[in-house]
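Chemist: So the chains spell out like this:
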Amino acid sequence: MTDASNTTTVNTDATKIMGGTGEPIIEVRGMDKFFGDFQALTNIDMVVGKQEVVVVIGPSGSGKSTLIRCINRLERHDRGTIIVDGIELSDDVRNIQEIRRETGMVFQSFNLFPHLTVLENITLAPRNVRGVPKAQAEAHAMELLERVKIPQQANKYPGQMSGGQQQRVAIARTLAMRPKVVLFDEPTSALDPEMVKEVLDTMKDLALEGMTMICVTHEMGFAREVGDRVVFMADGMIVEVGSPEHFFTTPQEERTKLFLSQIL
Amino acid sequence: MTNEISLLSTGEDPMSVPEAPRSSQKLSPGAWLKVNLFNSVTNSIITVVVGLIAAYVTWQAVAWVISKDFTIIRDTLRIFMIGQFPDDELWRLWVSGAILVIAIGLAAGALARNSYELAESQGLEPESSSVLDLVRRFWAIIAILLLFASFARTAQPKIGIVAVIILVFVVRQLAWSAPVAIRSRAVYISALLVVGSTLVVAGTSRLGGACVGIVVFAWALNESGRRDVAAMRGGRFVSWLLPLVVAAIVAAIVAAIGFDGYGWDDWGGIHVNLFTAVVGITLGMPFGILLALGRQSKLPVVRTASVLYIEFVRGVPLISLLLFSKLLLPLFLPIDMERPAALTLAIVVIMGFSAAYVAEIVRGGLQAVPKGQTEAAQALGLSPGAMQRMIVLPQALRAVIPAMVGQFIALFKDTTLLTTVAVLEFLDAATIANNQPQFLGKGLAPVTYLFVAVGFWAFSFTMSKESRRLEQRLGVGTR
Ligand SMILES: Nc1ncnc2c1ncn2[C@@H]1O[C@H](COP(=O)(O)OP(=O)(O)OP(=O)(O)O)[C@@H](O)[C@H]1O
Ligand SMILES: [Mg+2]
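Respectively, the protein sequence lines represent chains F and Y.
Read left to right, the first sequence gives residues 1 to 264 (the working numbering).
Read left to right, the second sequence gives residues 265 to 743 (the working numbering).
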């Protein structure tokens with residue numbers, strides 16, 4: 001959160017870390033992504049620092065989701081390199097598993113497992129992927145539920161909870177794997193307005209505790225308050241990058257201005 | 265998230281008997297009639313017309329049943345129930361039936377208690393399950409068993425049947441109040457009891473040993489998971505090895521003891537239909553799930569083989585497969601090999617047949633699992649195998665319970681085809697009874713066929729009712 005940046009202007013270089021400890025944890029270089037003939041991402045260069053909070057914004061279809069989904073291999077990138085915590089993402093299954101263990105992801109539609117209770121949702125991966133003993137996994141899960149402020153829901157099924165609660169469980173489930181990075185893909189877009197705040201507060205706490213985060217979101221208040229850096233994308237390219245205050249006050253690119261005028 | 269919900273709450277089944285309006289406001293019988301049957305002119309006319317037709321049909325049917333002589337059932341009951349099972353081996357059936365009933369009661373009681381406690385811990389109102397509720401749920405089967413017993417000549421079968429019915433209730437209540445340590449293992453104990461019950465009748469100790477070994481292995485694996493052996497150094501290895509060793513030892517012991525059961529060449533009656541259907545679908549289910557997964561495999565060989573198998577089996581009638589197994593298969597077997605019993609072949613065929621249908625049902629379920637589920641599992645780092653086992657299959661199978669039960673009921677009724685390979689099943693028993701010299705030409709065929717129909721109906725009806733109940737309950741869990 002400490003503003004290590006001394007950039008005064010907004011530019012197009014997404015490889016400059018602007019917060020956290022300053023050491024890189026995710027490096028994306030020259031990445032292209034195609035869906036058939038359609039190029040969804042073009043020549044993406046981006047570096048994210050440890051404990052940095054990067055907010056990705058952009059119009060619908062600009063490739064924000066695709067970008068973060070490439071980082072944990074939910075989509076396979078076609079060109080360029082992606083390095084997460086020193087591991088290069090390749091077709092090697094072990095590398096993929098390794099990277100997925102280090103990166104958590106929170107989805108727009110929560111994607112909790114409906115047939116498992118909240119507690120089982122949270123302890124499943126630690127027990128099966130990391131081999132954590134059941135008692136220990138459950139103790140950790142209760143701690144996390146405490147942290148997202150719903151400890152009394154542990155035995156419920158996801159379907160018995162509100163959207164906001166479900167998303168907080170999804171965050172707890174992600175944290176249970178003790179990831180080094182958490183990727184958020186519009187975590188509040190599917191929520192009723194009155195529940196957005198509880199999820200944003202949880203994310204804010206997480207950022208304050210020093211978690212590295214990449215957040216795709218339309219919550220500009222969150223971006224301003226919590227983000228170390230804002231990355232604006234359009235048509236599969238990174239168009240403009242800057243610290244929140246510069247980005248929102250002195251955008252340079254026409255497309256950025258247009259987008260901001262529409263959304264603010 | 266809405267996908268799986270809509271899947272689980274299917275529409276009304278025409279067979280469904282509306283539950284008595286317990287929860288809704290209580291109306292006096294007169295008021296109830298007015299609200300439900302005579303609330304408009306059209307409705308009143310329909311009520312009267314349908315009522316008259318129903319009364320007429322019922323009256324005719326009752327008159328017909330009363331006019332008939334049921335001594336034919338009384339005289340041939342044994343063929344209907346157990347075929348030509350010899351007298352001095354009869355104890356095997358009773359013992360195996362009692363073990364089976366204990367297994368059912370144990371599993372039912374423990375599972376009911378577990379879901380009761382789960383509901384309680386979630387602050388939901390737990391479902392009541394008094395003996396009265398159970399009778400309401402299973403009245404058709406209880407009634408049919410009592411009907412069977414009522415036709416018995418001697419007192420022994422009557423006492424036996426009543427004792428078995430009481431036994432299942434007693435065991436269920438005991439299991440309900442058993443300590444957690446027993447309840448959490450009830451499914452494994454039940455599985456062992458079921459295998460044991462077949463061993464008593466059918467023997468085949470080597471096969472039985474293998475079955476016992478599999479159950480013990482699953483059990484031991486689960487136990488070692490409970491104590492989290494996996495967390496120790498090299499624990500993953502131990503947690504697999506230990507159960508394997510235990511299972512191998514137990515399997516060897518069972519195989520060595522040898523249960524010289526009674527071979528199933530002379531099995532018959534409804535006993536065979538129930539046995540073949542249950543064994544056929546139980547063995548066919550895992551095979552079918554593998555086929556469904558195989559059909560989705562990335563490996564072309566596996567995929568093609570699965571598709572070919574499924575499409576071939578689904579494209580031909582069961583009866584042709586049964587005949588094929590009887591007439592052609594022995595030609596392919598080595599000459600010095602003993603020809604398998606007709607029932608063995610039939611069970612293998614029914615297993616393979618149901619596997620193909622189960623595969624298609626499961627495939628539908630697999631497709632209904634939203635993509636977000638697999639993505640979430642992948643993002644958490646689950647391996648593909650763990651993802652299928654713990655995330656995809658449980659949801660897919662839940663979604664297809666009704667279809668699966670429907671398949672089972674169809675299969676149960678299809679066991680009448682066993683007659684084509686000279687297995688004396690329930691429907692066949694009717695023919696045999698009708699052809700007894702003393703009953704020939706007396707026009708008693710309708711009586712025996714009615715008896716058979718009612719027998720099939722009671723089981724099918726209860727199963728479809730139970731499946732709907734299960735479906736609703738699982739729906740509550742995921743809504
Ligand atoms: N699986 C896919 N197959 C084909 N095209 C895809 C696929 N996924 C995404 N696309 C396309 O790639 C482009 C980028 O999609 P992406 O989902 O990354 O956009 P986004 O910026 O996240 O948009 P939104 O704000 O609507 O979520 C879009 O044009 C989309 O149509
Ligand atoms: Mg998106």
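Please note that a few of the clues may not be correct.
BS3-like mimics (lysine-lysine), calculated; alpha carbons at most 27 angstroms apart, straight line [stated by the list, open to error]:
{"hint": "1", "chain 1": "Y", "residue 1": "K332", "chain 2": "Y", "residue 2": "K677"}
{"hint": "2", "chain 1": "F", "residue 1": "K180", "chain 2": "Y", "residue 2": "K677"}
{"hint": "3", "chain 1": "F", "residue 1": "K156", "chain 2": "F", "residue 2": "K16"}
{"hint": "4", "chain 1": "F", "residue 1": "K16", "chain 2": "F", "residue 2": "K204"}
{"hint": "5", "chain 1": "F", "residue 1": "K156", "chain 2": "F", "residue 2": "K50"}
{"hint": "6", "chain 1": "F", "residue 1": "K156", "chain 2": "Y", "residue 2": "K635"}
In silico contact screen, one side only, chain Y against chain F (beta carbon under 7 angstroms); selected entries [said to hold, decoys possible]:
{"hint": "7", "residue": "S385"}
{"hint": "8", "residue": "Q386"}
{"hint": "9", "residue": "P390"}
{"hint": "10", "residue": "G636"}
{"hint": "11", "residue": "E639"}
{"hint": "12", "residue": "A640"}
{"hint": "13", "residue": "P658"}
In short, the hints are calculated from the structure, not lab data.
No residue lacks a Cβ here, since even glycine has one placed at the ideal position from N, Cα and C.
Chemist: Would the stated hint for Y:E639 survive a check requiring a Cβ distance to chain F of less than 7 angstroms?
Modeler: holds, 6 angstroms
Chemist: Would the hint linking F:K156 and Y:K635 be met if the CA-CA limit is 27 angstroms?
Modeler: Judged against 27 angstroms, a Cα distance of about 23 angstroms means the pair holds.
Chemist: Please verify that hint: Y:P658, Cβ, nearest Cβ of chain F, below 7 angstroms or not.
Modeler: holds, 5 angstroms
Chemist: Is Y:K332 within 27 angstroms of Y:K677, Cα to Cα?
Modeler: holds, 26 angstroms
Chemist: Taking only the CA atoms, is the gap from F:K156 to F:K16 under or equal to 27 angstroms?
Modeler: violated, 44 angstroms
Chemist: With a cut-off of 7 angstroms, does the beta carbon of Y:P390 approach a beta carbon of chain F closely enough for the hint to hold?
Modeler: violated, 13 angstroms
Chemist: Holds or violated: the hint that Y:A640 contacts chain F, with Cβ atoms closer than 7 angstroms.
Modeler: holds, 4 angstroms
Chemist: Hint check: is the beta carbon of Y:S385 less than 7 angstroms from a beta carbon of chain F?
Modeler: Nearest chain F Cβ about 5 angstroms off; hint holds.
Chemist: For the hint on Y:G636, just tell me whether its beta-carbon gets within less than 7 angstroms of chain F.
Modeler: holds, 4 angstroms
Chemist: Is F:K180 within 27 angstroms of Y:K677, Cα to Cα?
Modeler: violated, 57 angstroms
Chemist: Please work out if F:K156 and F:K50 have their alpha carbons no farther apart than 27 angstroms.
Modeler: Answer violated: F:K156 to F:K50 is near 35 angstroms, above 27 angstroms.
Chemist: Take a quick look at whether F:K16 and F:K204 sit within 27 angstroms of each other, Cα to Cα.
Modeler: holds, 22 angstroms
Hints 2, 3, 5 and 9 from the list above are not met by this structure, while the remaining hints are.
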